[in-house]
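Participant: Please take these sequences and the hints and turn them into a complete structure.
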Amino acid sequence: MARKLIRPLFLFLILMFLYLPILLLAFYSFTSSTHIGAIRGFSMQNYVTLFTTPELTGMIAGTITLALGAALLATLLGTMGAIGAFYSRQRASSFITTLNQVPVINADVVTGFSICILLVVVLHISKDSYIPLVAGHVTLCAPFVFLSVMPRIKQMDSSIYEAALDLGATPFTALMEVVIPQIVPGIISGFALAITLSLDDYFIAMYTKPATFDTISTYVVNATKGAQTTIKTALWALSTVIFLIVVLVVLASNLRAMRLEAADTGRRAAAENR
Amino acid sequence: MEKKDTIIELRGVSKVFEDNGFKAVDNFNLEVKRGEFVTFLGPSGCGKTTTLRMIAGFDKPTEGDILLNGESIVGLPPYRRPINTVFQRYALFPHMNVFDNIAFGLRQKKTAKDVIVRKVKHVLELVDLEGFEERGIGTLSGGQQQRIAIARALVNEPEILLLDEPLGALDLKMRKEMQLELKSMHDKLGITFIYVTHDQEEALTMSDKIVVMSEGRTQQIGTPEDIYNEPVNAFVADFIGESNIFNGMMTGHLKARFCGGEFSCVDDYEEGTHITAVVRPEDVEITKPGEGTITGVVDSVIFKGIHYEITVLSGRNEIVIQTVRNATVGDRVGLRVDPENIHIMLAEDHTNKFYADINPDFRLEYNGHRIETSLTKIIRGSKRREDGTVVDAAGEVLEPGRVRILVSIQPQDIEMTDDQDAGLVQGTISNLIYKGDHYSYIIHTELEQDFVVDDEDLWNMDDRVGLLMPVDKMTFTLKRK
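If you read the protein sequences in the order shown, they are chains R and V. Residues are numbered in my numbering as their position in the first sequence, beginning at 1, plus a constant of 45. Residues are numbered in my numbering as their position in the second sequence, beginning at 1, plus a constant of 646.
To be clear, the hints were calculated from the coordinates, so they are not data collected in a lab. Built from N, CA and C at the ideal position, the CB exists for glycine as well. Hints are not guaranteed to be accurate.
As the list claims (entries may be wrong) - Computed cross-link-like contacts, DMTMM-like style, restricted to lysine to aspartate or glutamate with a CA-CA straight-line distance of at most 20 Å: (1) V/756 with V/803; (2) V/1023 with V/994; (3) V/755 with R/222; (4) V/756 with R/222; (5) V/759 with R/222; (6) V/755 with R/207.
Unchecked claim - Facing chain V, from chain R, some residues (calculated, C-beta under 7 Å): (7) 129; (8) 204; (9) 205; (10) 207; (11) 210; (12) 211; (13) 213; (14) 215; (15) 223; (16) 224; (17) 226; (18) 230.
Facilitator: This is how it looks when you write it as structure tokens:
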């Protein structure tokens, strides 16, 4: 009897541990309280502030633009790298794959700091040009794209590339029309991963961003140190919005995967019956 | 008038892989006539697929030249060659439907849209899949995918169609059907086909010309009939169809001694030449004992539908026979072969070969004598366990019924002795041939086996001798039954 209770209780505790902090924040974002603990009353004020304060909206738009741009570049580089490594000779291929793993494991603070040293201190590139920031984020994301594309290429029937050449396609056409469509799922998941990595980043941005520019991470860290309560509580609303978007994305992608799997088994059954 | 000129020629083509230095193809020479159906036949790893890939342009020859219509195409990338390939696992584009797959090649050539539609429709009719244009690749069975792969290559009207074991993934019935269909397609279209397979029956059924390959080298090039009836060496004889292969020696004009008997033959080689004799199972006749050239005992009879497969043991020699007449296991029978059904080839080596037994103590034995060597030394990875049994690398007991050890020894390494009991085996000198600086003797043993022994001294015909065979001159090969 006791055991029957313990199991769900344990699960409940773990889930609470994971979700309680964000739920607490979400709850307070809909009140007019200025600090956690005091309950005043229901209010949408935080959301109004969030979406009407130019400083906040500009910061959010900037972060998203940076994420999209860096992810796009990283996806391009990572995909090209994976394809190149796959079609290289055995030794070159494993060399590239190993080298690719180092930045993945390396601490972000090291990456950020070293990029700052190289580009800003040694090469004298101004942080205001955004080049160090974008370079930093691309460096952060590209190895992950490589890692998410590589398994797809390996799964692909390698003779279809040769088949395309055999049918008169130039290597470039064969790549674009035959190889890329086969690895699109890997490219998309690499792109998504790159976006979340860029959004998440704090250290690299801190070392490389222009002084007047803030990403959500750097902004939040600064704001929580500051004294502006309206901005602080608006960030509760921002956290809630981000959390909701993540939940929606996860749900949608899981639903899609389930639907694809069902369609796949159906198709296979149909092929076997023939 | 049909033109029968050479369409493609391979001159001294070799391929060494840079990664591992493996020589996949060694000095390959071939001329293919326009409209021919040529098959590269050989076991896996013989270089046939590599040769095909060099013709297609996926691999570059390390040496030699490939000429298409008299011009070298070695420097031409695959997409500039008027050659199309049907791949082993079809290599259809999974994200395109049937129409787009077949149209792919035509689109690369910027063919007009209405022409593409018409041509795709036409090849789909050719492969019997009318109306499949909109189907996805994943919805097709293996056989259908195979046909689409053929259609996708044929629609480009290539000068040469390369087929890399295209039927390998199909079941037997489907494969037979597709063999005939491919053959009739070839006859109808007049395109040159170069076909790669390891299936000798497939090669014999479909080809105008067969190239038998082994270890990167051409073994024989010829029509299916040539290859089957007149194999040039033991490898070809063994690979094409079933055969009884014996080592022996010419013992007179049109007389050959092998399998413990002296046979008349039609191949003229000088007396004393080491030969390999090939006799097809369907060419051996069973007679009453005493009426054949050799006698033996029926060891097994297997009913195969259209014929019986009968194994006869004549002493230590095993002869496989295919006949429509039944026989009873244990019967003594005579065996004879028509002279024209004996195919004699020059022997590549003169090695004496015999099977040794594994006795219950897991020691090697022949003719009741121990061969003083250790089984564990012969078989890599084997171990003698504490109970005395010997297991192979996989841990399976080497039961005498499951494996045999083939012993090879050179004629000059065997010594004859008058002290008969000292020999590993005893026999009578049945032939002696003077070879300039030595004599070659054939000793016919009591186990109905002939041994060739080279000796500088002169012995007399019909002498009874013992044969001394030093263990350190023997080589051993494991044969699984």
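Participant: Take the hints in turn and mark each one as holding or not.
Facilitator: Here is what the structure says about each hint:
Between the alpha carbons of residue 756 of chain V and residue 803 of chain V the distance comes to roughly 15 Å, so the proposed pair stays at or under 20 Å and holds. Between residue 1023 of chain V and residue 994 of chain V the alpha-carbon distance is near 27 Å, which puts this suggested pair outside the 20 Å criterion. Restraint check for residue 755 of chain V and residue 222 of chain R: the C-alpha separation of about 15 Å stays at or below 20 Å, so the hint holds. About 15 Å separates the Cα atoms of residue 756 of chain V and residue 222 of chain R, which keeps this hinted pair within 20 Å; it holds.
For the hint pairing residue 759 of chain V with residue 222 of chain R, the CA-to-CA distance comes to about 18 Å; that is within 20 Å, so the pair holds. For the hint linking residue 755 of chain V to residue 207 of chain R, the alpha-carbon distance of about 17 Å falls within 20 Å, and the restraint holds. For residue 129 of chain R, the interface hint is violated, since its Cβ never comes within 7 Å of a Cβ in chain V; the closest pair sits about 18 Å apart. The beta carbon of residue 204 of chain R is positioned within 7 Å of a beta carbon in chain V (closest approach about 4 Å), and the interface hint is therefore held.
Interface hint at residue 205 of chain R: satisfied, since its Cβ lies 5 Å from the closest Cβ of chain V, which is below the 7 Å cut-off. At its closest, the beta carbon of residue 207 of chain R sits 5 Å from a beta carbon of chain V; the interface hint therefore holds under the 7 Å criterion. Proximity of residue 210 of chain R to chain V holds as hinted, the smallest CB-CB distance being about 4 Å (cut-off 7 Å). Taking 7 Å as the C-beta contact cut-off toward chain V, the hint placing residue 211 of chain R at the interface holds, the least distance being around 5 Å.
Below 7 Å, beta-carbon pairs count as interface contacts, and residue 213 of chain R has one with chain V at about 4 Å; its hint therefore holds. The criterion of a C-beta within 7 Å of any C-beta in chain V is met by residue 215 of chain R, whose closest approach is roughly 6 Å, and the hint holds. With a least beta-carbon distance of about 6 Å to chain V, the hint placing residue 223 of chain R at the interface is held under the 7 Å criterion. Hint on residue 224 of chain R is violated. Least Cβ distance to chain V is approximately 10 Å, over the 7 Å limit.
Evaluation of the residue 226 of chain R hint against chain V yields a held restraint, the C-beta minimum of about 5 Å falling below 7 Å. Taking 7 Å as the C-beta cut-off, the interface hint given for residue 230 of chain R is violated, the closest approach to chain V being about 11 Å.
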